[in-house]
Structures are given as C-alpha cells and as structure tokens.
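Using the sequences provided together with the hints, build the complete structure.
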Amino acid sequence: MDAMLETHDLTREFRRRGKPFAAVDHVNLTVAPGEFVAIVGRSGNGKSTLLNLITGLLRPTGGSVTVDGRDVASLDDREASAMRNRTIGFVTQSATLLANLTVLDNVILPAAMAGDALRDTDGRPDMDATGDAVPSASRDDDMPDVIAPERLDDDDPLTFRAHDLLQSLQVDDLAGCYPKELSGGEMRRVSIARALMNRPKLLIADEPTGDLDAESTAIVMRLLRDVADGGTAVLMVTHDPDALAYVDRTLRMDRGLLSEA
Amino acid sequence: MPHVTLKSLPFENLKRKPFRTAALVIVVTMLTVAFYGGALLATNLKAGLNSMQERMGADLMVVPQNTGTKAEALLTSGSSSTFYFTNDIERAVASADGVGQVTAQTYISSLAAACCDEKVQIIGFDPATDFVIEPWITSQYDGALKDGEVVAGANINVSANGTIKLYNHEFPVAAQLASAGTSLDNSVFVNETTIPAVVSYSAKAGHAAIPAEYADKAISAVLIRTDGAEAKTVAANIAETVKADGVTGLGYVYPGGVTASTKASLDAIIGYAGLFLAVFWIMGLVVLLAVFASAMNERKREFAAYRIMGATRGMLVGVIVRESAAVGLIGGVIGIAGASLAILPFNTLIGQRLQLPYLQTGVATVLALVVAGLVFAVATGLAASVVSAVRLSAPETYLTLREGE
Numbered sequence: 001m002d003a004m005l006e007t008h009d010l011t012r013e014f015r016r017r018g019k020p021f022a023a024v025d026h027v028n029l030t031v032a033p034g035e036f037v038a039i040v041g042r043s044g045n046g047k048s049t050l051l052n053l054i055t056g057l058l059r060p061t062g063g064s065v066t067v068d069g070r071d072v073a074s075l076d077d078r079e080a081s082a083m084r085n086r087t088i089g090f091v092t093q094s095a096t097l098l099a100n101l102t103v104l105d106n107v108i109l110p111a112a113m114a115g116d117a118l119r120d121t122d123g124r125p126d127m128d129a130t131g132d133a134v135p136s137a138s139r140d141d142d143m144p145d146v147i148a149p150e151r152l153d154d155d156d157p158l159t160f161r162a163h164d165l166l167q168s169l170q171v172d173d174l175a176g177c178y179p180k181e182l183s184g185g186e187m188r189r190v191s192i193a194r195a196l197m198n199r200p201k202l203l204i205a206d207e208p209t210g211d212l213d214a215e216s217t218a219i220v221m222r223l224l225r226d227v228a229d230g231g232t233a234v235l236m237v238t239h240d241p242d243a244l245a246y247v248d249r250t251l252r253m254d255r256g257l258l259s260e261a
Numbered sequence: 001m002p003h004v005t006l007k008s009l010p011f012e013n014l015k016r017k018p019f020r021t022a023a024l025v026i027v028v029t030m031l032t033v034a035f036y037g038g039a040l041l042a043t044n045l046k047a048g049l050n051s052m053q054e055r056m057g058a059d060l061m062v063v064p065q066n067t068g069t070k071a072e073a074l075l076t077s078g079s080s081s082t083f084y085f086t087n088d089i090e091r092a093v094a095s096a097d098g099v100g101q102v103t104a105q106t107y108i109s110s111l112a113a114a115c116c117d118e119k120v121q122i123i124g125f126d127p128a129t130d131f132v133i134e135p136w137i138t139s140q141y142d143g144a145l146k147d148g149e150v151v152a153g154a155n156i157n158v159s160a161n162g163t164i165k166l167y168n169h170e171f172p173v174a175a176q177l178a179s180a181g182t183s184l185d186n187s188v189f190v191n192e193t194t195i196p197a198v199v200s201y202s203a204k205a206g207h208a209a210i211p212a213e214y215a216d217k218a219i220s221a222v223l224i225r226t227d228g229a230e231a232k233t234v235a236a237n238i239a240e241t242v243k244a245d246g247v248t249g250l251g252y253v254y255p256g257g258v259t260a261s262t263k264a265s266l267d268a269i270i271g272y273a274g275l276f277l278a279v280f281w282i283m284g285l286v287v288l289l290a291v292f293a294s295a296m297n298e299r300k301r302e303f304a305a306y307r308i309m310g311a312t313r314g315m316l317v318g319v320i321v322r323e324s325a326a327v328g329l330i331g332g333v334i335g336i337a338g339a340s341l342a343i344l345p346f347n348t349l350i351g352q353r354l355q356l357p358y359l360q361t362g363v364a365t366v367l368a369l370v371v372a373g374l375v376f377a378v379a380t381g382l383a384a385s386v387v388s389a390v391r392l393s394a395p396e397t398y399l400t401l402r403e404g405e
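Order-wise, the sequence lines are chains A and B.
When we follow our numbering, the leftmost residue of the first sequence carries the number 1, and every step to the right adds one.
When we follow our numbering, the leftmost residue of the second sequence carries the number 1, and every step to the right adds one.
I should point out that these hints are in silico values taken from the structure, not numbers from a laboratory.
Incorrect hints may have been included.
[Said to hold, decoys possible] Quick list of the computed label-pair ranges, beta carbon to beta carbon: (1) Arg-70/A <-> Val-375/B: 38 to 46 Å; (2) Gly-184/A <-> Pro-18/B: 24 to 32 Å; (3) Glu-260/A <-> Glu-298/B: 38 to 46 Å; (4) Arg-16/B <-> Glu-260/A: 27 to 35 Å; (5) Lys-15/B <-> Glu-13/A: 16 to 24 Å; (6) Val-291/B <-> Arg-17/A: 28 to 36 Å; (7) Gly-271/B <-> Cys-177/A: 54 to 62 Å; (8) Ala-22/B <-> Arg-70/A: 23 to 31 Å; (9) Cys-177/A <-> Pro-2/B: 13 to 21 Å; (10) Gly-274/B <-> Asp-211/A: 54 to 62 Å; (11) Leu-244/A <-> Ile-282/B: 44 to 52 Å; (12) Val-375/B <-> His-8/A: 51 to 59 Å; (13) His-8/A <-> Lys-15/B: 43 to 51 Å.
[Claimed, not checked] Below are the EDC-like pairs computed for lysine to aspartate or glutamate, each with C-alpha atoms no more than 20 Å apart in a straight line: (14) Lys-180/A <-> Glu-12/B; (15) Lys-146/B <-> Glu-170/B; (16) Lys-201/A <-> Asp-248/A; (17) Lys-204/B <-> Glu-118/B; (18) Lys-300/B <-> Asp-156/A; (19) Lys-217/B <-> Asp-88/B; (20) Lys-165/B <-> Asp-142/B; (21) Lys-15/B <-> Asp-156/A; (22) Lys-15/B <-> Glu-298/B; (23) Lys-204/B <-> Asp-227/B; (24) Lys-232/B <-> Glu-90/B; (25) Lys-7/B <-> Asp-156/A; (26) Lys-119/B <-> Glu-90/B; (27) Lys-17/B <-> Glu-181/A; (28) Lys-217/B <-> Asp-147/B; (29) Lys-180/A <-> Glu-298/B.
Just so you know, even glycine gets a beta-carbon here, dropped at the ideal spot from N, CA and C.
Next comes the structure, spelled out in structure tokens:
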C-alpha cells in the first residue's frame, strides 16, 4: 500500500544567535493509510516544526515531504492550501479557534473554504465522525451514548455534519457559543471536530489531549482510533502516556532526530 | 440561520469587534467629511465665481468718488448700499473715446426696519439700454417689467400674496430669479422709472434714500462696454471728457479685475484647504495604518488558523481587503451624509459668511462628488490595509504567523 505520508531526510534549520541549528534533522518517516502513529519527546525538540513542515506551512531546508503521493515542496501556495484544506486535518497545539465565530461556524469554516466540492450530491448526508456515510444503526457502540439534539438546519449538509462531529465529541450543546465561553478542553475538542470536517486523509494532531481530563482523553482517543480505523492516517504528537495505548506505533523525537521509541 | 461563508467572514469579524470597527469608521468618516465637504465647498465657490463672471457683462463701471469699494461689494457678495451721482454724468461718459455701449443703474439699500420686509439691494436699471441685468432677467422672465413691479433675486422672501414690502409699500413681484451665487440674489430689480417712486416711499417712511431734488435723475453707476479699447484707457478718456464739464474725482471699477482678485482669493483659500486636506488625510491614514497593523499583530493566531484550515495567501488578503473596504464604505457613507446635511441646506448662510460668490452646484456634480467621496473613502480603507496584506503575502507566511502561537 502506498504511504499517505512520507518524509525523506527532512531537515529544517534555523539560526539562533547567528549560529545555525537543525530543529528537524534528516527525519525519515512513513505513515500508511489507517495507521495511527504517535511522536513523543521533550518540548523544544522539533515536533511542532516537523508537523508544520509536513503541512507545507514551513519550507524544508533539505529533504522532502510527500503527502498522498504529492511532493509538498513542489506545490504552489494555492495547491498547498488546497492540500491543507482537503487532504490534511490539523489540530494545533494552541487554541486556534476563531474568536469572532461560533463553535458551529468554526467547525464549518474549512468546508466553506473548500466550497461546494465537499457537499454531498445525493441529498441529505448521514455521516459519522470519520466522514463516511453510514446508516445510523451501524454507529460504533463504543462511542459515547448521547441524545442527538434537535436539528434546525437539516437541509444544510455542512451544518448537519458539523453537528454530528460536535456530538461525537460531546460538545454539540456548545454549538452556538463563542470560543471565549469554552474551557480549554472544550476548545480542544472543537478543534478536533474542525480538523475532521473535510474528511482528511491525513490527520495531524499536536497534543490533542493536552487540556483534557481522563474521561475526555478517552473520548478523544477513541475517536482518533476510530478515524484511523476508517482509513485515515493519523500522526499525533503527545506527552500523555494514556494516549499511547490507542496508537499503532510510537516514535521519539530528540534534538530534531526521530527514532523508534 | 445560514452558516458562515468566506464572503460573510469579514463582516462577522467587523461585527464581533464593535469598538475597533467603530474607531476605524470614525477616522474614515472624518477624512471623508474633509474630502467631500471641502470638494463640495470648493465646487460651489467656483460655480459662484463663474456665475459672477457671467453676470458682470461690463468692462468698466464709473461710480461716484470713494464708492468703488461699495460697488465692488455689489458685484461679489457684500452688503447692500446706497450711493449716487449728484450730476448728470451718463451723457458725458457716453461721449468719451473708446466707449461702445453705456447704461446706467441706481442702487438703493432698503432698511432692516419695520418699514421693510428685509434689508435688500434695490437696483434700478433701464431695460432699453441695459446689457448686464436685462439679458439675465429676460432669460428667466419673458414678460415686460411694468412700472411699480419688481423682479426678486433668489434669496428674497416673497410674501404669500406675491409682494414684498419696502418703505411701507407693497411692491408686486413679477418674477423671482434663479440663484446667481452673488449679492444679486439679495436684490430686487425695478425699472429706472420706478426709482422716483421708491425714493418717494422712502421719504414718506422717514428714511429718505436719496434727497428729493435728485430723485428723478439719480444714478449710481454708469456701466460701460468698450469698443475694444483697454478699460483703463477708456477710464482715462472719460476722466478727460468730464473734466471739461468741471467734474473730477470719479471712481472706476474694473469688473474683470474684481473677478481676478476674487479668483485669486478663491484660489488661495482652495490651495490652503487642499494643503490642510492632504496633511489631514496623511495623518488619518497613519492612524488607520497603525490601527490595522496593531490589529494584525493581535490577529496573528487568527490568520494562522485560516492558513491551517487551507486558506491561500490570497484568501487572507481578501478577508483583510474586504474588511477594510467595508470600513471605508461605511465611513464614506456616514461622512458624505453628514457633510451633505451640514452644507446643502445652508447655502445662503455659507455664502454670506464666506463673503465670496457661492452658488450651489447642480445635482449631477453633487452626485459625481458623492461617488468620488465614496471611492476616496474605500481607497483610504484599502490603503490602510496594504501593510497587513503585504505582510500576509510573505512567501513563508508561517514564520510571521507563528509569532502569535
């Protein structure tokens, strides 16, 4: 099977006090579709830089990144942006919800950016959190048992899907709130819903359980596991030992170098 | 409720930051008031000047000694006055070399007293010889002005029964003229043959405008159109001619010179206003740039989020540009509406305060200025966002954006 993500000798140097140093140093990484990979390591060892190189938000000093068969460095801004919008879902380390939009609009925005291409063509969608169209009866029984709230915007597939994702993460009752009204953990869960909105092939999560209690961590990790089982490649940076129980493979990053944990 | 779209995003951003939006709108509003208001005033002043030039008609005015200033004020927008010759000067002037066409006018100022509806300039003219006022009146009133009737200037308050009371006499108003933007708007016009009656009414009211012995022959100015000779040469010829009759010390007014000096004053005012406007605009633009740049720093995380979600640099610039254009448009509309309300209903008052010819320009010109004002306001808003847009267009945007992380 072709790799969803592949890096080859990936390097990014910065200068600190006039001296160059490699934040990411000749990293070789492969993540297959449906594989759930975790990267652990101390803060400041290049994990976030690696993730930003993968998304094309930073250009490598050396080496290459291939996502879904496309060399990220060769993409122009429009193509790289389209890839971030449609192929990659990114849960950042810090809260990047837009303060001016409601939770619901925050989740919908990536789809609004993609335009109508993501809208279902066969009428009203019925999708689970991974984005696959499935009958309601076949939902994962391990997922939290929640009562679906009344849907006021059933005619709008984007609104429907956003509610579905928020419900999966148990924050659907906050759909009309603004981010400043949320706790850190709630914001993190909304960010995950936003990252999943466009049904990404590659989900990148930078400490997705950083602000969460044990119960919420379990909810999020089960969801990410479910996403991976649905065929999405998941690359997660984490400091949370509890989260590692859900992954297929764990790597360690130390001073820019990536190795098996 | 419809969900968010890229088009609605800038407006959501503006709506959720009401104080920042209001501050930006206020700055643009102030700049637009200065730009549009200044342009409207300048246009009206130029229209007044053009109107004054059209109304001049004469190359030279001969007036009594030391009344030149009063006569000039009559041509522009000064206060009304009364002056007259005590001798028959018109025939002597007409006989001078270089004089082509001659007509006489009489100027009497009514009183701001109980006897009169208002203080106006009464101008007596001879319809048979007049080449200054008569063509203008004829262009708007095709009837013949009868003795005892008046034609009212644009600013004259004519009573409901179509008359105006001057020196306790109700004069029928035959017609009212369109605005000229000069003191003629505050004048009433009568036949030369009506002047003795006006003098008589003034005497009865206890405020004789002209002594009774001069009532039948009093003229205030002889207006001359030369036969092509220089006005100053003709004035010298007139001085020589009347000297033979023992008359010395006449006053001479050169309407072309009055126009030139008024134009010079106007150009100076417009020049200073333009300079002030430019400085004001630059200051306002600096404030807007600072506010936008400051907001840009505050919003780094927000822009990072857009990029992470797949926004192109063009989309980010588009969001910024639409926000600033909306601020410009809102500020522009408010500024234009405010300036219009402050200027358009008060033309007469503004003209009087400026002491310059002032004529409200036409609807088409005002509409053109409105459009120009809106374009200016939107352009100002867009210019203010240029720095932010350029920064967001940097090749490796994340290096800028990560500062907010």
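ask   = Of the hints stated earlier, which fail here?
value = 4, 5, 8, 11, 18, 20, 21, 23 and 26
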